[in-house]
Amino acid sequence: MPSNYRSFRHSVPWLMLLLEAVFIVGFYFVGSGDEVIRSSISYADFQDVNHMMIFGFGFFLTFLRRYGFSSTGFNLLIIALGVQCSILTEGLLPFQHQSEDKDVLKTITKAAVSMTAVVISTGAVLGKANPVQLILMTIVEIMFFHTSRWINNTFLMVQDGISMMHVLLFGAYFGLAVSSRFSEPSPRSEKKASTPKSDLLAMLGTLFLWVFWPSFNSVLVTADRNKAVYNTYFALAASAVIAFVLSVLTTKDGKLRMAHIHSAVLAGGVAVGYVAASIDYPWIAMILGLLAGVITILGSYCLERCWNPVLKIHDSAGIHFTFGLPSVLGALAHVVIFVIKSWNHGPRLGYFVMFHIGAFCVTISVALITGFITGLILNLKLFQTIPVSKYFDDLFYWEFPHLAVGF
Amino acid sequence: MPSNYRSFRHSVPWLMLLLEAVFIVGFYFVGSGDEVIRSSISYADFQDVNHMMIFGFGFFLTFLRRYGFSSTGFNLLIIALGVQCSILTEGLLPFQHQSEDKDVLKTITKAAVSMTAVVISTGAVLGKANPVQLILMTIVEIMFFHTSRWINNTFLMVQDGISMMHVLLFGAYFGLAVSSRFSEPSPRSEKKASTPKSDLLAMLGTLFLWVFWPSFNSVLVTADRNKAVYNTYFALAASAVIAFVLSVLTTKDGKLRMAHIHSAVLAGGVAVGYVAASIDYPWIAMILGLLAGVITILGSYCLERCWNPVLKIHDSAGIHFTFGLPSVLGALAHVVIFVIKSWNHGPRLGYFVMFHIGAFCVTISVALITGFITGLILNLKLFQTIPVSKYFDDLFYWEFPHLAVGF
Amino acid sequence: MPSNYRSFRHSVPWLMLLLEAVFIVGFYFVGSGDEVIRSSISYADFQDVNHMMIFGFGFFLTFLRRYGFSSTGFNLLIIALGVQCSILTEGLLPFQHQSEDKDVLKTITKAAVSMTAVVISTGAVLGKANPVQLILMTIVEIMFFHTSRWINNTFLMVQDGISMMHVLLFGAYFGLAVSSRFSEPSPRSEKKASTPKSDLLAMLGTLFLWVFWPSFNSVLVTADRNKAVYNTYFALAASAVIAFVLSVLTTKDGKLRMAHIHSAVLAGGVAVGYVAASIDYPWIAMILGLLAGVITILGSYCLERCWNPVLKIHDSAGIHFTFGLPSVLGALAHVVIFVIKSWNHGPRLGYFVMFHIGAFCVTISVALITGFITGLILNLKLFQTIPVSKYFDDLFYWEFPHLAVGF
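Chains as they are written, first to last, in the UniProt record's numbering: chain P, 1 to 407; chain X, 1 to 407; chain G, 1 to 407.
One chain only, chain P, in its complex shape:
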């Protein structure tokens, strides 16, 4: 097996080189010209999203005791590849307006936001997929996500900002579908566990995400950005409170569980994504944040006991309840709030509701179907699935000269 793997490992870099060459050639044909127009997005906004992707998710996923190098390292690799791929895909799809094409900062910010889908999906297969599988998943997912957005924008007349917010929904369900095709890890594996140190680093990542979530929800909003910030902040605050409340209530002895805090403090930000700029009163955002926190913690309880064992899905980072369920709640809230706000608009209301529910269904169906197919393909013998005994192990990918010296 090792010698087998060694030859496989030596084929990985050629895949990456090939992709990078394709990207460079692609940019040669697609790439922006030398005229630069004033950007509608400030550099600071782009930086916030970039931070969130690189540190936030990088460290959010370091909770596994022996997978810190891979979590942060592969996260960087995937984002570096995925952002280039995303810009090319958007450039090739026919729905891009000419003028926007020149706004380089907006292009790159949208690419970074799209990458959230991939980063979330990798959470579901964290420690189970090898780099080749991760890279292929990145390329395939980013293409399907843009296709799903294109369907939403073109046929269902969903605004670009809203169709972008489907990114979390898409990422979570695509990841779950891919994950369902991977072998389950041994239930007694010690490597699945965290250490206090790795939990603290994951807390650092979670706090990064918590702080930057208002940026994420407001970066592509054109009007009322301050309102989006304000509402997201309150939703996050409410879900942070409810995370502590429910963690105490659902554990034995009334102690707090770090895994609950990691996932539920973010739920409010996820749920409020669709409606951050259209909620008029902060108490609505707070209630949404509360509900999102409740759904996340109860979801983690139900899914891990009832749902996942039955469907044989192993969701390493718990992305289903961290990002999936709050997104569903958010999409629902979006429709409900719109209905309440424009109750007397009659027929337009009906269309809106239909189109939005349609967009939701399209996104989730595309995610599940393409994710399932991707999962099937990635588990072909060709891609040398990792043996279950080597799951969650940095030693399998990284040199550890430290071992020779002693820790």
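Hint data in this document are derived by calculation from the structure and do not stem from the laboratory.
One or more of the hints may lead you astray.
The list makes no distinction among identical chains, and a pair is therefore deemed to hold if it is satisfied within one copy or across any two copies.
To be verified - With a straight-line cut-off of 16 Å between C-alpha atoms, the simulated EDC-like cross-links for lysine to aspartate or glutamate are:
#: 1; residue 1: Lys255; residue 2: Glu399
#: 2; residue 1: Lys252; residue 2: Glu399
#: 3; residue 1: Lys390; residue 2: Glu184
#: 4; residue 1: Lys312; residue 2: Glu184
#: 5; residue 1: Lys255; residue 2: Asp393
#: 6; residue 1: Lys197; residue 2: Glu399
Guided by the hints, dock chains X and G onto chain P, whose structure is given.
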């Protein structure tokens, strides 16, 4: 005792739920309308303060060897609750102008700045107060702080920006007064100590605070913001240098002590807070930074040997010399610099000095008195004070599945 | 030896105090007046550079197993001293325009950018130089760097922005020259190695640098800042990909080496520094990033095996291949791209090429010569070189009360 505590633990979440419900109802009545005016504060400024609170203080307080989860986790919980409480309290106090009420970003930034008081106070009882005590302290302190500000603004005609800067002074002395009512930890307790890893994480937090302190000092300044940034930076640089100087001079063998560095590098930023925008020459800021560093390190020496044992105060994170003493120096410097600058203004000068010294005395008296009363109330049997043997211990609040597997 | 060292240690603080006093007096004479003009640099831009210096480099250098306190602590000390020194030096050199002198935020940002040279140089002597040596090196290097810039600006008519970008080149070769005069550490020293935890913290620092590099390359650019950001981002992305590719190809068993990732992911940002704002098509930046990554990893292979043992240079943090070689590539690319872009401009082209190659040679010569002399002086008996057995050891500088308690 444990079974006793278990039932107590199960009552904690209901307190939080109740508070969150009160906040939601409060926002229903107070909350901002749907008109949003242009904010005088940019989103990036708000983010800097938000960062500083969540990461900066979160990791600044992780130096205890077994209290990392609680330091970062409870910090998040307290800020999530406190910001909501602060916005409500400000909305209810009669001194709010109508127009400012609509500036949502300014409202939330001011709430975050006010929370510095609470976060600093928690440093004094770090590891000694249970979550119920921390939450009650948060609510009570934020209310008293706004009351003290209201007295300063209304009766002593102190500018809002200056009365906001009293936040560090208030936080430090309120925290000390509360702390004086808690039992002292056993002097031989190993858990009071830090590990090299926890010291390094606390250094991460300190560096965050160091970098963001110019934002903190300039965020509520309306004119000459660049000057406030510049002066704060030089004061911080000077106190970083003096921290290393005095740490070598005051320790045995001329080695550096990490605890000195953690506290003294920030002293300059604290001291220059009141006058950052009104100092005309950077060398004045540098001298102020130097003096602040000296006061902090000598203060840590004197307070820990002479003052605290006599008054039986145990100050976990050393907030008295880190934030308290440099604030006092800053308030003094404020008066001195004003007197020098407007020496020939006659009677107006006398009023100014009187009012500013009055505001200082009001703030510190309100902090000490209300802090002492809060400390007394929090140590009622009702709130189940933690036994001294369980001080500074994450195990008391958090599940540690890691223990089963081995670290 | 220890008693000898103790007396030496007690002389260190007086040096720092003296320097700080000189700076304060210097600012008294040089310091900016009370008129403040609108800054051409926003506060957020300054903050990004400040972050990058304090966290980015602070944690980038924490990879040594027992040198975390010193890496982050001395980095802060050096920056605090160096920024003040840099502002004074710039103020005293005759090439400063009067109007710019008042732009306090630009002054401080340029000082922070200049400090990159020193921070990179300390990487070469990391763990080998004592604080006195580090401080003297800081002062001397910042003066020589500004002198070299002054020569470039005045005699070779290089633009200020370009001569500033020589900072990485200067820092790397100055550091190497200084390092050549220090004794080599014992090849079997365990302390030279990293631990998985320290490597992960260094990864945190690397990610900070990766995220902030577009800010660094664009902060002093006046026109086309968005283009500088865009190109730097693509160069960084390409070098992140190539880092993973070559790390797999050059190690035994096709595993990844963390040290490769740390250095090569940044290579693209370094190389594209000179031309970030003048590249019109992102694919050029990507190719440059690819080449930089290749040069860094192949450089690390060749330098560590062939070059360094022959020249008896020990480069602790590998700054030669991380910052030195990509800078050389960048300077070369700058000339090549300019030649291609203005092929039909005839004589002006010849001057430009000559001047730019001249500036490159001046910078690198000044760096090597002054670095060598500085290295010689710093190794005088007066400065109490650390014995080789005490290299890379926090215990030599910091109190470790932790040891009494057990880790």
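- Task: Go through the copies and call it for lysine 390 and glutamate 184: within, between, both or neither, with a Cα cutoff of 16 Å.
- Result: Within one copy only: 12 Å inside, 40 Å across.
- Given a CA cutoff of 16 Å, do lysine 197 and glutamate 399 count as a within-copy pair, a between-copy pair, both, or neither? The answer is between: 14 Å across copies meets 16 Å, while 21 Å in one copy does not.
- Up to 16 Å CA-CA - glutamate 399 versus lysine 255, copy category: Result: close only across copies, 6 Å inter versus 38 Å intra.
- Message: At most 16 Å between CA atoms: does that hold for lysine 312 and glutamate 184 within a copy, between copies, both, or neither?
- Response: Classified as within; 7 Å inside a copy, 52 Å across copies.
- From the Cα coordinates, with 16 Å as the cut-off, is the pair lysine 252 and glutamate 399 best called within, between, both, or neither? between (40 Å within a copy, 9 Å between copies)
- Task: With 16 Å as the alpha-carbon cut-off, assign the pair lysine 255 and aspartate 393 to within, between, both or neither.
- Result: Between copies only: 13 Å across, 29 Å inside.
Comparing the model with each earlier hint shows no violations; every hint is respected.
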